[in-house]
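Trainee: Given the coordinates of chain A, work out where chain B should sit on it, guided by the hints.
There are 2 protein chains.
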Amino acid sequence: MLPRVTAVADLSTPALVVDTTALARNLDTMSAALPGARLRPHVKAHKCTELAREQARRGHTHFTGATPREILGMARAGLGDDLLLANECVDPVRLRALADCPGRVTVAVDSDATVDAAAANGIDAVLVDVNVFLPRCGCAPDDAPRLAERARGAGLDVRGVMGYEGHAVLVPDRAERAALTAKAMERLARVAEKVGGDIVSAGGTGTYDLNTAATEIQAGSYALMDGDYGKLGLPFTRALAIAATVVHVNDRWSVADCGLKALGMDHGNPAIDDADVLFCSDEHLTFTPHQPARVGDRVLVWPAHIDPTVAYHDRMHLADGPGVGAHVVDMWPVDLRGWDL
Amino acid sequence: MLPRVTAVADLSTPALVVDTTALARNLDTMSAALPGARLRPHVKAHKCTELAREQARRGHTHFTGATPREILGMARAGLGDDLLLANECVDPVRLRALADCPGRVTVAVDSDATVDAAAANGIDAVLVDVNVFLPRCGCAPDDAPRLAERARGAGLDVRGVMGYEGHAVLVPDRAERAALTAKAMERLARVAEKVGGDIVSAGGTGTYDLNTAATEIQAGSYALMDGDYGKLGLPFTRALAIAATVVHVNDRWSVADCGLKALGMDHGNPAIDDADVLFCSDEHLTFTPHQPARVGDRVLVWPAHIDPTVAYHDRMHLADGPGVGAHVVDMWPVDLRGWDL
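Those protein sequences? They're chains A and B, same order as listed. Sequential numbering of the first sequence, starting at 19, is according to the working numbering. Sequential numbering of the second sequence, starting at 19, is according to the working numbering.
The shape of chain A in the complex, shown without the other chains:
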């Protein structure tokens, strides 16, 4: 898609801006560490089929999604070689749409209800989702073999197991992160043996090089990064900011037009380089720049959490470098947003 303007400084704001140099470096670094099918990139982090295409170009053609819409969008974009809905779903309309979509779809199951819904609505293949100490989805380890049997009895191909060590991925201390991951994967490996199948799917950006037990890693955030993952000392750099315009300046603070409706706020305030962020309102960000700002200036706002930030925006603008002086070279729709089929 052709961008409307050619300079980051001319974008109507707030606007997502991707530094293509940093993005390419992140994608290449991860591909070197986890080549081909060792990585099953999670599209929930960017919700963008064009970005997924860059991941596929680097050899990762199996993808992870968190919603039926993400899976369907990927299949319709021709990226449906091997799609995993790493989430539980009992909506018959959505499951039927996944079963009928132009791609190979596997869904996670962790209960009788999710197995039965998958089987009743034409799904071919499942992974048994096992709780590995994150208090969220996943069956009890002891229940996994029974669920696998129930699935096979209903005609489903049980391709293996998954288990997300989400409680570990953001732990700052690497040794502690490694220990939590090892404990989680020990449990998952034990279950995998009893369940059967080839796949042990797990992991995230924070454990991509620590989780050696899984056959595939579901990392997503590494591509664009964010404030929280930035604290872990990983070899990935921040690649996505929000361009904002300064709309008010006084001698004590300044205000930019990037607020709560442009930012995922669950991990707290965003950051601005050479400035302190005070607070965000619906359409405003109040901050104190270390150098005086002027009304009309552009600033880059770095979100604390990428995933829910991207989900607020229609598109991301591709820039040929960092900073507001870069040129806009392309525009990618954030086309996997929302929940509609």
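In case anyone wonders, no lab produced these hints; they're calculated from the structure. Note that the structure is a prediction, hence the values are computed from the model and not measured. Treat the hints with care, since some could be wrong.
Just so you know, same-sequence chains aren't split out, so a pair can sit in one copy or run between any two.
To be verified - 25 Å max Cα-Cα, derived DMTMM-like pairs, lysine to aspartate or glutamate:
no. : residue 1 : residue 2
1   : K201      : D227
2   : K249      : D294
3   : K212      : D130
4   : K201      : D100
Mentor: Using the frame of chain A, we list chain B on its own:
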């Protein structure tokens, strides 16, 4: 717009659900307190022209918006009698679109740059936005007369002043809220005298009956309410929830499909009746229900902050009462989302 299903319990989730009984009561209560032009409803809270139409039917035909898109959307929907952009804008393309739109548009100005941008791009009328102790936009009180003169010199109609006591609207103690409001409005009234014009625009849901100095109140949240405003003892009740489906149950917690991409999180976790919310992930909400849940059950999730919650959703479903047993009677697009013109 016709809803796809007729029962809240049949909606694909997550889905915004409005209790029309509570909404009508909220709208009527506010209209009785602030009839006609005493209220200038703020559409940023709901971003929905159909809801604005309900406010207009009750006699409030002057509206407030926070973005050019909100103002343009209102004008195009035939709700452009008197629209106030209660925000600073220096984007020439957006200002020109406001100047050319089929409605009467007034914009806030608080600096030379915003006055000059308004005048240069065909805007007819402005309010001088005065800082009334919230650290955000608004000029210094002493600077307001000079800005008004500059605006009049550039051919702009200076209709009066605005000043938002946003630091007061959510203060729990009513007496303290009243005192902060009085102090802010004392400053604004003093400036209004020097600036001239008929309008003193201020206020919000939390100060709607305390701010007697303003000629018009910019309240928006009162229509749908949310967790934070719900703590103030106002005569408005919560009218918007998110219907979610339980996708996982075990003997210690349950998980519903309403996460960070369906919820404004700046005010913290949402609530579920008869349950404790533990945490939210991108597409999950982990909670402990007081009564056992089953996979497939529907629950209503009450957001802590309405405005950034609504901004994640394409539409709101209108229900004929509270609870998941209600019927869906209509569907309203959230058509003022985003920032595109």
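Trainee: For each hint, tell me whether it holds in the structure or not.
Mentor: Structure-based check of each hint:
1. K201 with D227: Answer is within: at 15 Å inside a copy they meet the 25 Å cutoff, but 58 Å across does not.
2. K249 with D294: Within. Shortest intra-copy distance 18 Å satisfies the 25 Å Cα cut-off; inter-copy 31 Å does not.
3. K212 with D130: within (18 Å within a copy, 72 Å between copies)
4. K201 with D100: Neither, since 28 Å and 63 Å both go past 25 Å.
Of the numbered hints listed earlier, the single one contradicted by the structure is hint 4.
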